[in-house]
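Asks: Sequence:
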Amino acid sequence: MQTIELKDVQGYIFRAYGNMKYSRFTLLKISNPEAAKKWINSICNQITNATIVAKDQLPETCLNIAFAPNGLSELGLSQENINTFSPPFKEGMTTIHRTSLLGDIDSSSPENWLWGGLKNAPVQLVLLVFGKDKATCLTYYNSLKAEFESHGLEEQRNLDGLTLKDNKEHFGFRDGIAQPIIKGSGRIGPEHNTVHPGEFVLGYKNNYKVYPDSPTIDKPQGNMNLLPPSPLKTGKKDLGKNGSYFIIRQMQQDVEGFWNFMNDRTRNEDGSINEAESAKLASKMVGRWPSGAPLSKFPDKDPGGTSDENDFLYAKDDPKGLKCPFGSHLRRMNPRDSFETDTPKKSLLLSNRHRLIRRARLYGDPIIGTPTNNKPKGDVGLYFNCFSADISRQFEFLQYTWSNYPKIKQLYSDPDPIIGVVENPKEGEEQQFTLQGDPINKTEKNLQRFITIKGGAYFFFPSITTIRYICSL
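Everything in the sequence shown is counted per this note's numbering, starting at 1 for the first residue and increasing by one.
Please keep in mind that the hints were generated in silico from the structure rather than gathered at the bench.
Model, not experiment: these values are computed from the prediction.
C-beta: ideal position from N, C-alpha, C; glycine also.
Among the hints, erroneous ones may be present.
Claimed, not checked - Once the Cα atoms are required to be at most 25 Å apart in a straight line, the calculated SDA-like pairs of lysine to any residue come out as:
| no. | residue 1 | residue 2 |
| --- | --- | --- |
| 1 | 209 | 5 |
| 2 | 316 | 409 |
| 3 | 301 | 260 |
| 4 | 145 | 156 |
| 5 | 320 | 436 |
| 6 | 205 | 229 |
| 7 | 29 | 111 |
| 8 | 375 | 264 |
| 9 | 316 | 410 |
| 10 | 134 | 16 |
| 11 | 7 | 210 |
| 12 | 29 | 465 |
| 13 | 407 | 437 |
| 14 | 205 | 84 |
| 15 | 323 | 302 |
| 16 | 409 | 330 |
| 17 | 280 | 315 |
| 18 | 209 | 179 |
| 19 | 119 | 179 |
| 20 | 442 | 276 |
| 21 | 38 | 76 |
| 22 | 409 | 350 |
| 23 | 320 | 310 |
| 24 | 134 | 114 |
| 25 | 21 | 58 |
What the hints assert, rightly or not - Cβ-Cβ distance ranges computed for the label pairs, FRET-style:
| no. | residue 1 | residue 2 | range |
| --- | --- | --- | --- |
| 26 | 190 | 7 | 25 to 35 Å |
| 27 | 3 | 442 | 21 to 31 Å |
| 28 | 442 | 342 | 23 to 33 Å |
| 29 | 213 | 165 | 33 to 43 Å |
| 30 | 297 | 377 | 48 to 58 Å |
| 31 | 405 | 445 | 10 to 20 Å |
| 32 | 304 | 366 | 16 to 26 Å |
| 33 | 377 | 205 | 44 to 54 Å |
| 34 | 225 | 299 | 23 to 33 Å |
| 35 | 306 | 377 | 24 to 34 Å |
| 36 | 257 | 205 | 41 to 51 Å |
Can you build the whole structure from these sequences, using the hints too?
Replies: Shown next, in the form of structure tokens:
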């Protein structure tokens, strides 16, 4: 087993900060690079690392930081060295190629984004501040703000997030259950859900048993004695070791539209809402019940309460998709041992090469949607945050190949019903959701889009050592 240098890894990769009920992600603009580097270096000892903390010793606040390419350049990293980063990170989310891959068209086009888009100021860096409650978070943030504003950093936009009761999102479903377990992270679990650290942390071998591509110092600059040697490029220093790529997507949720769709498709004969059938159809599309209970174990009814059950396999429990449909959001994002016609062993191998560590923070009215409670006050949504060592093979692959692509597991017109539906389909293009049946399938046609992308960016989430190196430029 590879030993991960947990003290050097920023903690948000391995820890969801579940006790941190409020967060502020602040997009910062660099106006004075030299002063900014002094301040960033001064907070390195406050940055939360990935070491395991006992529950009775959890802190009241956490702090992390991430950099966009523009920010690294502004702080002095040469273009030659920025060129060693992965193409998606360098190019960003808003190129024509990537908007096509990610499905960011129509209302979700980067032309319409609130931040990170084509008409917004360039994203440079993001400060991630967490607190046990709103007051604690903002008090800590304001103390940091007093310092960074006097050191050449300007607040551009605040992305404030919260967590709701039972860790539910606005549509009403318990979230963040199916996280991969990283070997060497201190967490343990079933082997089929365990992956090598190099899937998420640069500088370690991944599930292909090779080192992932990692940025290096090709043109000497700064205090290079801080950096370890690259395992792939002889004579080069590894800039990525113990770091990762961090992705933020602001996803606005149409809670009322979501539940109106479910209600309309399941109404009683007299036109009244059938709450049980509406919730069941929504659960079939999501892939779990609102409680978090897996459909493959509880196919007929939500057992209620809260469930974090994740030790299940589709080929074993639901090979024909009669319980959890093949096209449901969570089954397609992680097919586990049931991908296409592959064997269970090969399916698990493939699935675990495309995993993400997901971190979500909600914004807006703290509504937990149901068939009869679905009218939030104002805009609501979530900041979908995730980590991967390979943006293209993990995040972009999942979005394009397993979400947006309508042909999967003998389905031909079935995009992901939650995040893959096109707002304005081409004439004659069908978008449907298939519920497998024995012997006859049922389809829900004319799917609607319930998610609008409002912002996003790719960030480098460096090790604490690399942060110090950046400050030495």
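Asks: A separate judgement is required for each hint: does it hold in the structure or not?
Replies: Hint check results:
1. Using a Cα cut-off of 25 Å, the hinted pair residue 209 and residue 5 holds, with the two alpha carbons roughly 19 Å apart.
2. Restraint check: the Cα-Cα separation between residue 316 and residue 409 comes to about 16 Å, which is no more than 25 Å; the hinted pair holds.
3. Among the hinted pairs, residue 301 with residue 260 is consistent with the structure: their alpha-carbon atoms are about 21 Å apart, no more than 25 Å.
4. Distance hint between residue 145 and residue 156 is fulfilled; the C-alpha atoms sit about 12 Å from each other, no more than 25 Å.
5. A threshold of 25 Å between alpha carbons decides the hint, and for residue 320 with residue 436 the separation of about 7 Å falls inside it, so the pair holds.
6. Distance restraint check for residue 205 and residue 229: the Cα-Cα separation of roughly 15 Å lies within the 25 Å cut-off, and the hinted pair is therefore satisfied.
7. For the hint pairing residue 29 with residue 111, the CA-to-CA distance comes to about 21 Å; that is within 25 Å, so the pair holds.
8. As the CA atoms of residue 375 and residue 264 are separated by approximately 16 Å, the hinted pair is consistent with the 25 Å bound.
9. Proximity of residue 316 to residue 410 is assessed by CA-CA distance (about 19 Å); at most 25 Å being required, the pair is judged to hold.
10. Taken as a hint, the residue 134 and residue 16 pair is honoured in the structure, with Cα atoms around 17 Å apart against an allowance of 25 Å.
11. At roughly 23 Å between alpha-carbon atoms, residue 7 and residue 210 fall within 25 Å of each other, so this suggested pair holds.
12. This hinted pair checks out: residue 29 and residue 465 have alpha carbons roughly 22 Å apart, not beyond 25 Å.
13. The straight-line distance between the Cα atoms of residue 407 and residue 437 is roughly 18 Å, inside the 25 Å bound, and the hint therefore holds.
14. Our distance criterion of 25 Å between C-alpha atoms is met by residue 205 and residue 84, whose separation comes to about 19 Å.
15. The hinted pair formed by residue 323 and residue 302 meets the criterion: a straight-line CA distance of about 12 Å does not exceed 25 Å.
16. For the hint linking residue 409 to residue 330, the alpha-carbon distance of about 14 Å falls within 25 Å, and the restraint holds.
17. Distance check on the hinted pair: residue 280 and residue 315 sit about 22 Å apart at the alpha-carbon level, within 25 Å; holds.
18. A C-alpha spacing of about 21 Å is found between residue 209 and residue 179, which places the hinted pair at or below 25 Å, so the restraint holds.
19. Our distance criterion of 25 Å between C-alpha atoms is broken by residue 119 and residue 179, whose separation comes to about 35 Å.
20. With a C-alpha separation of about 18 Å, the suggested pairing of residue 442 with residue 276 holds against the 25 Å cut-off.
21. For the proposed pair residue 38 and residue 76, the alpha carbon gap of about 13 Å is at most 25 Å, so the pair holds.
22. A C-alpha spacing of about 15 Å is found between residue 409 and residue 350, which places the hinted pair at or below 25 Å, so the restraint holds.
23. Between residue 320 and residue 310 the alpha-carbon distance is near 19 Å, which keeps this suggested pair within the 25 Å criterion.
24. For the suggested pair residue 134 and residue 114, the alpha carbons sit about 23 Å apart, so the restraint of at most 25 Å is met.
25. About 13 Å separates the Cα atoms of residue 21 and residue 58, which keeps this hinted pair within 25 Å; it holds.
26. Against the hinted window of 25 to 35 Å, the Cβ-Cβ separation of residue 190 and residue 7 comes to about 27 Å, which satisfies the hint.
27. The hinted range of 21 to 31 Å is not satisfied by residue 3 and residue 442, whose Cβ atoms lie roughly 51 Å apart.
28. Separation of residue 442 from residue 342 is about 26 Å and conforms to the stated range, judged on CB atoms against 23 to 33 Å.
29. At about 41 Å, the beta-carbon gap between residue 213 and residue 165 stays in the expected band of 33 to 43 Å.
30. Judged by the Cβ atoms, the range 48 to 58 Å given for residue 297 and residue 377 is violated: they are separated by roughly 36 Å.
31. Judged by the Cβ atoms, the range 10 to 20 Å given for residue 405 and residue 445 holds: they are separated by roughly 18 Å.
32. Between residue 304 and residue 366 the CB atoms are about 21 Å apart, so this pair conforms to the stated range of 16 to 26 Å.
33. Taking the beta carbon of each, residue 377 and residue 205 are about 49 Å apart, inside 44 to 54 Å as hinted.
34. As the Cβ distance of residue 225 to residue 299 is approximately 59 Å, the hint placing it in 23 to 33 Å is violated.
35. A hinted range of 24 to 34 Å for the beta carbons of residue 306 and residue 377 is consistent with their spacing of about 25 Å.
36. Our hint of 41 to 51 Å for residue 257 and residue 205 holds, since their Cβ atoms are close to 44 Å apart.
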